[in-house]
Each structure stands twice: as C-alpha cells, then as structure tokens.
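Asks: Chain by chain, the residues run as shown.
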Amino acid sequence: MVDLSVKLGNLVLSNPILTASGTFGSGEEFAGFIDLNKLGGIVTKAVTREPRIGNPYPRIAETLAGMLNSIGLANPGVEKFITQKLPFLHSLKTKVIVNVAAKTIDDFAHVIRRIESSGGVDGYELNVSCPNVKEGGIAFGTDPRITGKITAAVRKITAKCLIVKLTPNVTSISTIARAAESEGADALSVMNTLVGMAVDIHSRRPKLSTITGGLSGPAVKPVAIARVYEVVNAVQIPVIGIGGIMGLEDVLEFLITGASAIQVGTANFINPAISEELAANLENYCLSHHIKTLQDIIGNLQT
Amino acid sequence: MVDLSVKLGNLVLSNPILTASGTFGSGEEFAGFIDLNKLGGIVTKAVTREPRIGNPYPRIAETLAGMLNSIGLANPGVEKFITQKLPFLHSLKTKVIVNVAAKTIDDFAHVIRRIESSGGVDGYELNVSCPNVKEGGIAFGTDPRITGKITAAVRKITAKCLIVKLTPNVTSISTIARAAESEGADALSVMNTLVGMAVDIHSRRPKLSTITGGLSGPAVKPVAIARVYEVVNAVQIPVIGIGGIMGLEDVLEFLITGASAIQVGTANFINPAISEELAANLENYCLSHHIKTLQDIIGNLQT
Amino acid sequence: MTSDIITTQVKTTAQLTTGKIIQKRMVLADVFKLSIEHSRISRISKPGQFVNIKLSDQLTPLLRRPFSITAVNAEAGWFEILFKVIGEGTRRLALLEPGEMINLIGPLGNSFWLSSQTKRALLVAGGLGVAPLAFLLQHLYQLKIKKTLFWGNQTKELFLAYPEIKHSCLELFYTTDDGSMGYHGLVTDLFAEVIPKFEHEAVQIFACGPNPMLQKIQQVATQNGIDCQLSLETLMGCGFGACMGCNVQSASGESYFYTCSDGPVFNAKDIKVDG
Amino acid sequence: MTSDIITTQVKTTAQLTTGKIIQKRMVLADVFKLSIEHSRISRISKPGQFVNIKLSDQLTPLLRRPFSITAVNAEAGWFEILFKVIGEGTRRLALLEPGEMINLIGPLGNSFWLSSQTKRALLVAGGLGVAPLAFLLQHLYQLKIKKTLFWGNQTKELFLAYPEIKHSCLELFYTTDDGSMGYHGLVTDLFAEVIPKFEHEAVQIFACGPNPMLQKIQQVATQNGIDCQLSLETLMGCGFGACMGCNVQSASGESYFYTCSDGPVFNAKDIKVDG
Ligand SMILES: Cc1cc2nc3c(=O)[nH]c(=O)nc-3n(C[C@H](O)[C@H](O)[C@H](O)COP(=O)(O)OP(=O)(O)OC[C@H]3O[C@@H](n4cnc5c(N)ncnc54)[C@H](O)[C@@H]3O)c2cc1C
Ligand SMILES: Cc1cc2nc3c(=O)[nH]c(=O)nc-3n(C[C@H](O)[C@H](O)[C@H](O)COP(=O)(O)OP(=O)(O)OC[C@H]3O[C@@H](n4cnc5c(N)ncnc54)[C@H](O)[C@@H]3O)c2cc1C
Ligand SMILES: Cc1cc2nc3c(=O)[nH]c(=O)nc-3n(C[C@H](O)[C@H](O)[C@H](O)COP(=O)(O)O)c2cc1C
Ligand SMILES: Cc1cc2nc3c(=O)[nH]c(=O)nc-3n(C[C@H](O)[C@H](O)[C@H](O)COP(=O)(O)O)c2cc1C
Ligand code: FES
Ligand code: FES
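Order-wise, the sequence lines are chains D, Z, U and W.
Under this note's numbering, the residue at position 80 of the first sequence is numbered 110, and the numbers go up by one with no gaps.
Under this note's numbering, the residue at position 105 of the second sequence is numbered 135, and the numbers go up by one with no gaps.
Under this note's numbering, the residue at position 162 of the third sequence is numbered 1487, and the numbers go up by one with no gaps.
Under this note's numbering, the residue at position 131 of the fourth sequence is numbered 1456, and the numbers go up by one with no gaps.
In case anyone wonders, no lab produced these hints; they're calculated from the structure.
Hints should not be assumed to be uniformly reliable.
Below are the DSBU-like pairs computed for lysine-lysine, each with C-alpha atoms no more than 35 Å apart in a straight line [unchecked claim]:
| no. | chain 1 | residue 1 | chain 2 | residue 2 |
| --- | --- | --- | --- | --- |
| 1 | W | Lys-1471 | W | Lys-1597 |
| 2 | Z | Lys-110 | Z | Lys-123 |
| 3 | W | Lys-1491 | W | Lys-1358 |
| 4 | W | Lys-1379 | Z | Lys-123 |
| 5 | W | Lys-1444 | U | Lys-1349 |
| 6 | W | Lys-1522 | W | Lys-1491 |
| 7 | U | Lys-1349 | D | Lys-68 |
| 8 | D | Lys-68 | U | Lys-1345 |
| 9 | W | Lys-1358 | U | Lys-1379 |
| 10 | Z | Lys-68 | W | Lys-1481 |
| 11 | U | Lys-1349 | U | Lys-1469 |
| 12 | W | Lys-1469 | W | Lys-1444 |
| 13 | U | Lys-1409 | W | Lys-1444 |
| 14 | D | Lys-123 | U | Lys-1379 |
| 15 | U | Lys-1345 | W | Lys-1522 |
| 16 | W | Lys-1597 | Z | Lys-110 |
| 17 | W | Lys-1358 | W | Lys-1471 |
| 18 | W | Lys-1345 | U | Lys-1349 |
| 19 | W | Lys-1481 | W | Lys-1444 |
| 20 | U | Lys-1597 | U | Lys-1444 |
| 21 | W | Lys-1379 | W | Lys-1444 |
| 22 | D | Lys-110 | U | Lys-1594 |
| 23 | U | Lys-1444 | U | Lys-1379 |
| 24 | W | Lys-1349 | W | Lys-1522 |
| 25 | W | Lys-1444 | W | Lys-1597 |
| 26 | W | Lys-1597 | U | Lys-1349 |
| 27 | U | Lys-1345 | W | Lys-1444 |
| 28 | U | Lys-1349 | U | Lys-1522 |
| 29 | D | Lys-110 | U | Lys-1379 |
| 30 | D | Lys-322 | W | Lys-1409 |
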C-alpha cells in the first residue's frame, strides 16, 4: 500500500492531485468522464460576490503548446453558486476548495462568509492573481502588502484551509509568498497564468477581445517549476504546483521540486479523464518504485 | 521595390531582421551558412570587461517548444573581443551591435569605451537583464533606477545607437522601459529570457547546473508579444521584438504589435540560415501584399 | 427508430473514446470525408451534434478540434465527418489513413429540433456549413418532411465533388459567389428572394455557415416571423462546458450562452450573432 | 583516397542540407541503422565527425540531435548512422522510412587523428559509442594499421545483432556486464588488464562511450603514458559553435572547450571528463 496523502494545513488530501480553478467547472462537467472521488480535491471556477458574464468573445486562443484565456471570471455569483453548485459539491467525498476572486477585501470576506454559512467547503483559494480582470485582481497579487491584508482579513473568517494563489507576473514571487504566509495562509498555489498575447497576422487583430490574456499549458511549465522552486525555498507552508501538467512525469517534476500537491489545468480540456488517471498513475509509480510515502519524493531535489 | 529599412535612433537598418545576442556567436559561426550582409544587423554574444568561462555543464536543456540556458555570459572579455572578433565584424557591411554585460556601471562604461576607441561598432545593446549571472545582472534590469543610471552613464560615452535590453521577469516592464527611455536610450530590446527550470525525474537533479536558467524559444512567444505590446504603449522610442521567432508569421506578429525590428534567437541553432531566410521572406511578403514600406505594418494592430 | 427523437431537442452523454477510421475520401484538394467506426456515437447522435477530436498524441496542436457529425449509419456502426483543411489541426486530420484510431469526445452539444407543425424544412448552408445539415436531411427524409436546401459556395467545385448532398435532397438551390453554377450571388440573397413564396407557419429554417450569413438569415427569419435555428461555430477550448471559451451573446447582450453546452444549435431569436 | 587525410586532424565546412534515407535496419528493438544518401558528406567526412539532424518540421522536439557518422561509402554517395532510441527525438528518427528526406547539418566537429609512429590502434567502445569507432576502423583498414577493439555492452544482444563490427576488426574483445558473452565485467577493467601487453610508443587509444568509461580510459592511458583520444558526447544546442551549450572542462579546470567545435574528439590529456 502506498500512502499518497498530503496535508495542506489541517486539510488532508487522499492524494496530491487537484484540479485547477477555471478548468474544471464546478466538477459536475466532469462527472460523466471520471469518478470525482478519486481525486485529491477539486478547486472550483472562481466565485465572485456578484454574477459576472465575463469578457467578450473571443476569449481563448491556442498558442504553441499552450493557450491564452481571458474568460474574465465568468460565474453566476456567490448566491447562485450556493444554490446551484454547492449541493452537488456537498454530495462529493473528495475535498472541495472554492476559488474566490474579488475587487475589494470586503468582497473576498463576503463570499467566504456566505459559503461558510451555507455549509462551507474544505478550503478556499484566494485568487489575488487573475490577469484577466481589470479592476484590480492583478494589482492585488503583485503587491505583498495587499496580498497580506486580504489573507489576514479572510483568515479571521474561516478556520478552513486557506490557500493563496500567486501570480508569476511579478519581480519577486517570494516576497508575495512570504506576505501571505505571515498573515496566516495554510498553503500557496503557484502559479496562475503568465500574461501573454497573440495576434492574427491576417486580420491584424489580437486573438483575444481583451488583447492580452493568461497563458497556460505545457509551454509555461519551466516557468512554473522555477516559481515553485523559488517559493518553496522562501516559505515553510506547503506549495501547490500548477502550470502545464499534462502527465505523470510533470507531476513528479513538481513534487521533486518541492510542491506538496499539484493542480491540473488546461490538460482537463484535452483529456477530461486526466486528473483521475494521474492519481492512479502516481500510485502505480510509487508501487513500482517501492515508494511508501510521498515524503520521499516531495522536495527531494538533488542539487 | 520594397523599402524594408527601419531606424533605431540614428541607426538605419536595411531590414528589421537582427540576430539575438548569445545565439549568433560573433557572426563568424554563421558565415558558412548565410550571407551576413543580407541581415539588418548582428547582435553579438555579450561582451564583459574580464573574460568569463561561464557556468558548469550542463548549461542548456530542451523543454517543450523551448530551451533553458545558463551559459553565464561566457566570453573572452573585451580585450580579446577587440583583437579576435572585431576585425571580422569590421569587415562586414551589415550593422553590428555589441551586447554588453557588466556587474557595475563602471564596467559597462569601460567595455563600451574600449570598443569605441578601437574603431567602434554601429550600436550597443545593454544587457541589464541576463538571468544567468548571479552578481547583479538580473537585479539591474529589475530596478528602474539602476537601469536609468546605467543608460545615462553609457549615453555620455557614445553617440552610437544605444539599446537597452529588458527582462520580462518584472512586475512592470513599462516602468523599466520608461526609465531607459528618459535617460537617453535610442531603442529597447524586448525581451530577454524568462526564468525557468526543469528537473530530470529519474536522477531528480535540475537539468541545469545553475538550477534555474533562461527560457527561450517558441514557447515564450505569447509572453514576448504581450511585453512588446506593453512597452510600445509606454514609450516613444522604437522597440525590438525578441522571443520565439521561428518564421515569417512570427516576425509579422511582432511588427504588427508594434516592434520596429526583431531579433531571432534560438531559431538560429535549429536553422542557421533562418535570419537570411526571414529577410528574404519578409521582402516577398511585402511584394505579394503590395506593401511598400514597413510603416504600413509596424504597430498596425486592429484593436 | 432514430426519426422520432428529433422532434424534441436532445442532449446526450458524451464519452471520451476512440474510433477507427474505416474510410477516407478526398472530396477536393482541401476537403475530406472520414468515416469513423463507433457504434455508440452512430447510434445515439442527432443532427447538429459534434465530436471533438484530439489530432495527435503530441502536445501541438494542443486542443481538440470540433467537427459536426454529417452522417451516421447506426446499423453498420459508423459516422462521418466532412472537413476542410484550414490550419495545422485539420492538416493533420487529413493525413490520417483508414485503420488509424482517433481519440474523440462525443457526441457533444444539442441537436436541431422539429416542431410538429412543420411541413417543410428550409435548410441554408454556407460552404462546409452543409455538414450538420446533411445529417439533418438524413433525418428529415426518414420523417418524410419536405425539405429545401439552399447551399452557397464560392465556386461550383464542392457541389460537383460532393454529390451526396444532391442525392439526399430533391429541392436544392445552388448559389456561387463567382456564378460558376446556380444562382450568381450570396445564398442569403437568393434565400431572401424566395422566402416569401413559402407558407411561413408551416416552415422552419435551419442554417449553418459563416457568421455574416447567419446574421442575414436571422434577419430574414425575424422579418418574416419564421421559426429559425442556427448552428454556430466558435472557437472551443474543451467542447463540454468546462472552459467557458465558446461564449455567444444572448439576444439582449446581457449574458452569454455557450456554444458547446447550450448549442451549437440556437433558436435564432435567443442570440446575437457576432459579425 | 580518403585514407591519407586521417593522419592530420580535420575540420570541414558544415553544410545545412538534406539527405534521403535509402535504407533502414532495425538492429535491435531500440537500435537502428540508417543509410542516408549524401554525396558531399560521404565524400569529405572523417571518423569522429557527426551530423546534426532536425527530426521533423514541427517545433517539438525543438533542437537538432547529433549522431556520429558510423560508415561512409564515398563511391555510392551515402553514409550511415547507428542510433539507440532513448527519447522523443530518437523515437521519431526511428519512425522514418526509406525514401523520406532528413534535414541535417554536417559534417560537424573534428576527427580522430593518427600519429605516423602508430603501428596499432586500440579502440575502446561502450555500447553505441562504437558508432564513430566503426568509421575509424574503416579508415584504419585502408591504412593497413593493426587494430584491436574492446567493446563493452550490458548484454550480448548488440554484439550478435551487429556483426558489421566483427567483420571490420580481426582482433576484437567483447565484454558484457552480465557475462552473457566475452569477458564478464566492465570493458575498462579488461582494458586495464591487457594494456601492459602492448608496446606503448607504437599504440594510440581511441575511445567513445559513457563518461565514467572515458574517465577510466583516460586514467589508464595517463598511467601508461599512451597517446589517447576520447570522443565525447554532450548535450548540444546547435552543433556548430553558436550556443556554447556543449562545454567540457579543460584539464586545468580553468576554461572550457566546446564539444562541437573543439571536439568531439579530444586529446585525453587536454580535458577533464565529467562524472
Ligand atoms: C460545433 C462545431 C462544428 C464544426 N464542424 C465542422 C465541420 O463539420 N467541418 C469543418 O470543416 N469544420 C468544422 N468546424 C470548424 C473546425 O473545428 C475548425 O475548422 C478547426 O478547428 C480548425 O482547426 P485547425 O487546427 O485546422 O485550424 P487552426 O489553426 O486552429 O485555425 C485556423 C484559423 O481558423 C480560425 N478558426 C478555427 N476554428 C474556428 C471556429 N470554429 N470559428 C471561428 N474561427 C475558427 C482560427 O482562429 C485561425 O484563424 C466546426 C466547429 C465547431 C465549433
Ligand atoms: C557528438 C555526438 C555524437 C553522437 N552520436 C550518437 C550516435 O552515433 N548514436 C546514438 O545513438 N547517439 C549518439 N549521440 C547521442 C544522441 O545525440 C542522443 O541520444 C540524442 O540526442 C537523444 O535524443 P532524444 O530526443 O531521443 O532524447 P532526449 O529526450 O533528448 O534525451 C533523453 C535523455 O538523455 C539525455 N541525453 C540526451 N543526449 C545526451 C547526450 N549527448 N549526453 C548526455 N545526455 C544526453 C537527456 O538529458 C535525457 O535525460 C551523440 C551525441 C553527440 C553529442
Ligand atoms: C480557461 C481558463 C480559466 C481559468 N480560470 C481561473 C480562475 O477562475 N481562477 C483561477 O485562480 N485560475 C484560473 N485559471 C488558471 C488555472 O487555474 C491555472 O493556474 C493555469 O491555467 C495554469 O495551469 P495549467 O497550465 O495546468 O493550465 C484559468 C485557466 C484557464 C486555462
Ligand atoms: C544560449 C543562449 C544564450 C544567450 N545569451 C545571451 C547574451 O549573452 N546576452 C543577451 O542579452 N541575451 C542572451 N540570450 C537571450 C537571447 O538573446 C534572446 O533574448 C532570447 O533567447 C529570446 O529569444 P528567442 O526565443 O528567439 O531565443 C541568450 C539566449 C540563448 C538561448
Ligand atoms: S468549449 Fe469549453 S465551455 Fe464550450
Ligand atoms: S552545441 Fe552549440 S556551441 Fe556546441
């Protein structure tokens, strides 16, 4: 038997495979493809205080080994989330983490308070780093002071696992990471998308209606690994590695670099069964390599 | 006839195709593959005050649609550059831009002064942004004040085209760009490599001896386009687009986004004739599209 | 057996699966038809639905590519797609040969639906937009509903190379942009000209093609008060409702539908078609 | 005709070119030999030189992959490479079939060189490191220099499947890690055992294989004061001196050589081989 469980603060995941926010809907979209309870956990699409319809079409574009998106946090708002999505999420045995986005500290607090008072979930991931919302999302995540403030404010509201998701579009991700850690974050998600852009040379128009967007997919993996490495060496709390994971080798690369868990994003679009497959493949890998606990892999980088 | 010429300050290039520093040696390495005089210009490997042997092996690694490098500015130093490389560069009709790297403002000035007094070249590109030198290169390029100071110091020494090469590994590239512009830079090169990392999951060792390195190649193109877009909208001086250019479509994408010229980097390793091919293909494209001047393309983004 | 279900709009459970290419036909230099063996998809798919194909085991191209189901043979257990090479994905698809397996998700999306009042279906296709309509023709034939197809193309080439369409539709109007065959002009122009001749209560319009064409059809339908369904094509990141990349404006412009999960077939009066 | 040049080390002008695969042989499940038509490369290449191959017109894998020239036929205008599938690049290379063209740069690098005093060449190969040495054997045969090959492998499989080597070398010592054929143990152990038997002034050592093997050979050569050349393999970004990614420490450790432009063949006393 292999023990794939990992801890993020007090939250115990049965395995380190999570799904990344915005790439897995509210889980229901994948119920026909996989057994959601085989996952370490689900991270929902961002939930905001008010409903958001998101940005105009086109809001995705394929790039080489990656994709750009500027969905713009489209979501039905926290009230509809509670009535329409939460019952399904509550019916699952897997851990549920709600990704929360907001324009003000108050709104972060409001969303989480509402969910807490509606039965709660297993954890919250603060999206201080979405590059596709003009009003301030990106500014939050690039400023250690504001990131710290948001973390502190939310920390007061919930004892659940509190994760802060960091943007790579900064000079020093470790500074932001330390700010979140010192204000009580239980874990850090590294990383959100890189700011990117693509232009159609025939029409000479940007491929996204918002001109720039967030780059994800295997093309960004080396950047994500470097960011995880930097953050792991800057903080004591666990780090969740995200960026370009397409297969088991990628999962192992993040774990070896020091991530305690990982999230699969873009890959869900291409192979909706990938997350369950990765959990199974990781177990098989450990079995065949006589690895009894993930502690033998996590952070075991030979430098 | 198509007029492919572009101006960077007072420097007129016969076409916008340059080669990126560190990927084209001192040009001589490519003389057997192409007619160097068909290029808009050559940017040399970084030249430093003292010789540098660079970082230990391994210092390159392939990643998906990209590569990591941590060459570490290996070069024979400015004196040997002057005796061993400059005569060949002087024999060329194409424009020659020397990429200069240094640990102190004084060293930047020294290198350029020595080259100026040895016959000079057509321009200098200040490498304030190499992620592979620990002593300070990266710190310089992430600080608008220091970037401005270096620019100002070098500006006093030479009237030649002065280009500052920016790093993408910052929160706000436009701030750095404006600092360089206001201190007299004639043009800006955007961008140097992204910090990246890769781990061999079998040996559990980083694929580079320096652990992290610089990511280049087609995987980074969307990031480069976004950075060029940001800088073009922040400054008045011309921008040289760099990052992942593999073919004519990429060149056009950078020009439409607003770059006045481009540099081809990693692609030189794969197709040593690419730079000459791109110059020819760009001319053919303009002919077949009845484009008489590049001004009809540069910055013609339909937003 | 299949023919009754179309009278209500369906959504089916999509499956992540593989199918074997059993036949490949080069229709034109850049247009191909593939017959893919898959008993479930051939059995349960309805006109309007699509499959989302992964074009290689490589990471480039990264995303799947959606293609309408253009015909099924439920008994023999295969379905067909008809596609045009426009980029790297379709270029690779065209390189596949019979015997090779393709990874696909399907059937995806909703289907066209038929009102019980309808006596005649008016189908309007622009270019390869004929693909889902051909499947609809197959159904209408079984339902014994009269049908008229307006099919516009730039030139006559595809008409001549793809007689399948002619064989499945008795009343067929060709239009070409260059006048090389049929009506010389846009299919929407011809359609606007002839639409007054039909008894509006008893007809339904089904259209698929480029957005400017759909916009025009939408207008004509509204002006004439005719029930009209549009099958849309948008970029798709996933095809099954997860990425939210396939948004289509609602008629009011105040919210979005999603092509893959709310469509690709929309009631023309519900949406605003982008220009 | 070719045989005289080896007496001095050569460097040739590399060309960006294409060659047609005219033959492919599966030596083992993961070892292949390709014969590639290219008159210039077959004519001017010297043992030790290599070609750098672009494996597809795709951007993944991105960089070229270097392979030693293992044989040439200047008259017929083809050369051969022998390779093992170890990753994506070699996997793709193994999929190519006769008739297909490959994009290559070559010949690259320097060659082995022969001293006029040399009466006997001692060749030491580890696994596929035999590739450049096989070409050297071809030359030595023409020069009528005596030659002894020490070839180590993990198992006997490659020896049996690749009789070409046996045919080109009269004096041949096999070693296997598992003892399934020849000497049971490392090729370096056998080599160290037998080296005292040779007249050291009249021999030269030529070795190619994994770095730990080369280190050992380097040691043995130094201890015995024998002239020794090592053909190195490093990662290569370009193959022609532009990327500086193929660095090898100089003996003093104070500077670097570059495998592609200063090597791949080095005088053992000039370099420090990484572990
Ligand atoms: C529901 C649905 C059904 C479809 N059915 C068919 C079909 O039956 N036959 C067929 O030939 N095609 C069909 N398509 C379109 C088909 O999916 C695209 O042609 C294909 O994805 C192009 O892939 P590519 O890699 O070759 O081109 P790419 O390189 O991805 O694209 C080339 C160019 O076309 C644009 N483009 C690609 N797809 C679309 C799109 N869907 N809408 C607008 N612009 C686009 C791209 O932005 C780019 O400019 C359908 C699309 C949808 C959404
Ligand atoms: C001058 C020279 C001559 C060569 N001649 C031959 C030959 O005749 N036959 C042959 O089979 N191979 C030869 N090689 C090695 C060959 O180039 C590699 O096997 C090939 O590049 C692997 O490509 P890949 O995409 O299959 O593997 P990748 O996926 O690129 O690599 C798989 C693993 O092997 C490692 N690796 C790859 N290449 C090297 C290398 N050169 N040194 C150390 N580690 C490496 C990678 O880091 C990775 O861990 C030669 C290399 C050089 C430098
Ligand atoms: C279409 C799309 C929508 C996304 N939406 C969100 C979101 O709502 N909240 C968030 O924190 N991250 C969002 N992300 C970022 C992902 O969660 C993830 O951080 C990123 O895609 C990198 O991982 P990947 O390369 O595996 O996709 C989104 C990504 C994509 C591709
Ligand atoms: C091997 C290698 C060495 C490089 N050395 C330098 C250097 O010395 N100075 C510099 O300013 N940039 C250097 N660069 C960065 C390139 O000039 C260029 O900015 C970067 O590679 C992005 O372009 P590309 O994607 O086209 O390669 C180097 C890049 C590579 C791949
Ligand atoms: S294509 Fe992903 S939601 Fe529609
Ligand atoms: S491989 Fe590029 S310099 Fe040697």
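Asks: Run every hint past the structure and note whether it holds.
Replies: Here is what the structure says about each hint:
no., hint, in the structure
1, Lys-1471(W) - Lys-1597(W), "holds, 29 Å"
2, Lys-110(Z) - Lys-123(Z), "holds, 22 Å"
3, Lys-1491(W) - Lys-1358(W), "holds, 16 Å"
4, Lys-1379(W) - Lys-123(Z), "holds, 31 Å"
5, Lys-1444(W) - Lys-1349(U), "violated, 64 Å"
6, Lys-1522(W) - Lys-1491(W), "holds, 22 Å"
7, Lys-1349(U) - Lys-68(D), "violated, 39 Å"
8, Lys-68(D) - Lys-1345(U), "holds, 30 Å"
9, Lys-1358(W) - Lys-1379(U), "holds, 32 Å"
10, Lys-68(Z) - Lys-1481(W), "violated, 54 Å"
11, Lys-1349(U) - Lys-1469(U), "holds, 30 Å"
12, Lys-1469(W) - Lys-1444(W), "holds, 9 Å"
13, Lys-1409(U) - Lys-1444(W), "violated, 67 Å"
14, Lys-123(D) - Lys-1379(U), "holds, 31 Å"
15, Lys-1345(U) - Lys-1522(W), "violated, 64 Å"
16, Lys-1597(W) - Lys-110(Z), "holds, 25 Å"
17, Lys-1358(W) - Lys-1471(W), "holds, 26 Å"
18, Lys-1345(W) - Lys-1349(U), "holds, 29 Å"
19, Lys-1481(W) - Lys-1444(W), "holds, 30 Å"
20, Lys-1597(U) - Lys-1444(U), "holds, 27 Å"
21, Lys-1379(W) - Lys-1444(W), "violated, 39 Å"
22, Lys-110(D) - Lys-1594(U), "holds, 26 Å"
23, Lys-1444(U) - Lys-1379(U), "violated, 39 Å"
24, Lys-1349(W) - Lys-1522(W), "violated, 40 Å"
25, Lys-1444(W) - Lys-1597(W), "holds, 27 Å"
26, Lys-1597(W) - Lys-1349(U), "violated, 58 Å"
27, Lys-1345(U) - Lys-1444(W), "violated, 63 Å"
28, Lys-1349(U) - Lys-1522(U), "violated, 40 Å"
29, Lys-110(D) - Lys-1379(U), "holds, 34 Å"
30, Lys-322(D) - Lys-1409(W), "holds, 33 Å"
Checked against the numbered hints given earlier, this structure breaks hints 5, 7, 10, 13, 15, 21, 23, 24, 26, 27, 28; the rest are met.
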